[in-house]
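Here's the letter readout for the chains.
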Amino acid sequence: MRFKKPKIVNLDRIILAGFSFFGDPFATSAEWTEENEIGRLCHRFMEYVEENEASAKNLFRSHISYEVWTWNKEAAAKGNFDIFVGMEVEKVEVVPYDLSVRILPPCGYAVFTLKGKEITTDWHKPMYEEWLPQSGYEEAYPYQFQYYDQRFKGMDQVDESELDVYVPVIKK
Amino acid sequence: MSSDAHAMTALVKALDFIEDSLQEAIGISDAAKAASYSLYHFCRLFNRYVHHTPYDYLMRRRLTEAAQELKQTDKQIIDIAFDYQFNTHETFCRAFKRFTGMQPKEWRKKGIEDRRFTFSRRTTQHLQFINGGILAKPELIEHRALILAGVSSIIQPGADTVRPLWRLLERESAFIKNAVQPLSLYRVKTYPDNWEQDGIIYMAAVEVTSLDEVNPVLTAKLLSAGTYMVFSIAGSYQPAMDYVYQTWLAKSGRRPAYPLEIEVMGKDWPHTSSEDIKRKILIPIV
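Residue numbers (the numbering used here), protein chains in the order written: chain D, 1 to 172; chain C, 1001 to 1286.
Take the hints with a grain of salt, since some may be wrong.
[What the hints assert, rightly or not] FRET-style restraints, in silico, Cβ to Cβ:
hint	chain 1	residue 1	chain 2	residue 2	range
1	C	Lys1110	D	Asp12	40 to 50 angstroms
2	D	Glu51	C	Lys1267	35 to 45 angstroms
3	D	Gly79	C	Lys1097	47 to 57 angstroms
Read the hints as simulated data drawn from the structure, not as lab findings.
The beta carbon of each residue, even a glycine, is placed where N, CA and C say it ideally should be.
Just chain C, with the same shape it has in the complex (with noise of 0.2 angstroms):
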């Protein structure tokens, strides 16, 4: 086993230790001793492989369960709090506020539980995309006005339904007469509020140089120029969105301006099997 491949297994069972802990009186120390290392080891590999401390971490995860209760329960705020070892309500809300931007009886009545910001706990897959994924690290810079046209629709969460729009937009795209050369693919998808429930919008497009001669088959999004986080991965996505919203943007103070990913591939994507591909992915910035 590679040392790599070692210290990952490790730290997953320090995960899973931190996991079955949240609403425990633990210590670092105590993580540590399940992945079977000195606490000083321990935390420099956390960090190097998770990109939080073991302790940031810790709290991520307690104030994400913390989050779901108070959405999901009518339990007290202060009983929420105890639960998961915050030892009075005044650490609590300043922790919690710290997180979510809101007080917790705010956040009970307007918050809106979105997967993409509270933080997921980190499994196999995080660790390896985050030692091996990040292909050019996130950066922001200033981008062009992206004009699309291609195939959009409303796509439930998990649903496995998107193969047709690709295959539509490959048959559709030799009438594209103005796509930008060499061409490349967008998958663009815009977040609604309420998007876990109703779907996200999904769309499958190439970049046109304008909307004067679009085929009127095909649906256009333009998007305005702006400040874009951009950066490069390959493997899994899920894991690579975790880290950009709950590692990179948490810790870099920026926010999205408005709720849409783009994901920029070869055009070769839609005959790849696997989803081991590299791509770059932009998202709008405040």
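Isolated chain D (complex conformation) (with noise of 0.2 angstroms):
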């Protein structure tokens, strides 16, 4: 395996407010840009935070993104992926009619950072095709998430980044 063996940590039920893509993300530009639908999403979802500046200081938590990526039975087939972006809340009941709501179960997490360029090899491969299968572990929901805090410094910045990878794993 090329990156550091991850770290496995508990975490509670995650509420996030953010917005939702459904398609193939890749149509547009299949490049780690911001050209993309993904990149288009975190746009979009960064402009809404600084439009609603006062209400947003509020709802969200902290200034760290998530980027959710659903493993639906649509992805398999089609290439259709469900990406959400968003950020932390308190509770369901402060998330305004404009924004989507997802939310991660309380689970264990295989917690793997990726430093500078390893950010934009294939890294999904070893982490589900060679780790988790020696791990004692298994995937114990169809989903992951990017955890996008200060270390990560922009896609042109990439290599002074590091990035969390968070891949819900259940002891086999």
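Mind assembling these two chains? They're in different frames, but the hints should get you there.
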């Protein structure tokens, strides 16, 4: 495996508020750029946060953003992924009508820290096909999320960036 | 030809005439002539089939086109007023304020062109909808909060990309343990300010009893309890929504509490090939 062994953590339920995209996110650009649907989704969410600065301050627990990828049946068949971009909130009841909600259950996660160029490699394959089968764990839910905190400097400064990838796991 | 069909064909001729004459000095009697009706009969039929008086219709169409020109050109306001047959700056401003809620100058600076609220040209489809597509007239009700779970995405206007969302919802719905029965499907559309460029937020969903056990692969939405306008329709969506926003809401003096539409349909909806299916529409109202 090319990157460091993951650490295992247990997290409580996470409630996220943000926007979803469903479809082929690479239909317009397959690069790790901000030009494809994921980049556009993130941009749109950040714009929302800026435009609603005052209410966003009370709504979100922090500035850390989550990008949740779901492996649904449409993904395997047609390459249509569900991607949710958002930030953590205290409770569902405070989320305004124009944001969607994603609730991640209390769960164990394998946390992989990707550094610099690793971020743009095919890290999904070694995580799920190399590490997971020999780890004593199995996939708990069909999603994973990327955790963008201050260590992530942006796609234009990927060399100086770090990104944590959380894979939901359960002991076999 | 039935008398309904005959009247609608004649009225469409009048609508076409009005459309070609928005910048001409026409009177309602000219439109009646285009439909080959007496003025008296024309006014009566127009109201019945279009739900506006002919003069109100003419004014709304002129103001809609004028509003568009204010945004899209740098023509002088007075020239636009004259082009659309307003005799003075003052009469134009008064009518414009009544129509958009803003003075023309303010609209040019801050107005947002939103197809939902400006007054679109009425067509045969609109007339057919008004005279057969409205199954239950709009009314205001107090509605409970809705907890929805489903699949959501940003959809560009006019894009035909929503089928996969429904397909996925159908596949995942077996795993939604706490769906409200009997199962109804919810289509929720949220309109951000710049939706005509950036797209709307679309959600295909079912109602659930709580969010405690929601499948983590689904997106959720909580819509608060409150006053909603509700009505039932059959047939195509666009004429229905034009009617709701531009005729019913415009005349009622009410406005949406926030820019969102909820459609409630039977569970077989994704399998029907046509839009010709009964559904209920809810819009939050102030």
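- List in ascending order the numbers of the hints, as given earlier, that are violated by the structure. Hints that this structure does not satisfy do not exist here, as all of them hold.
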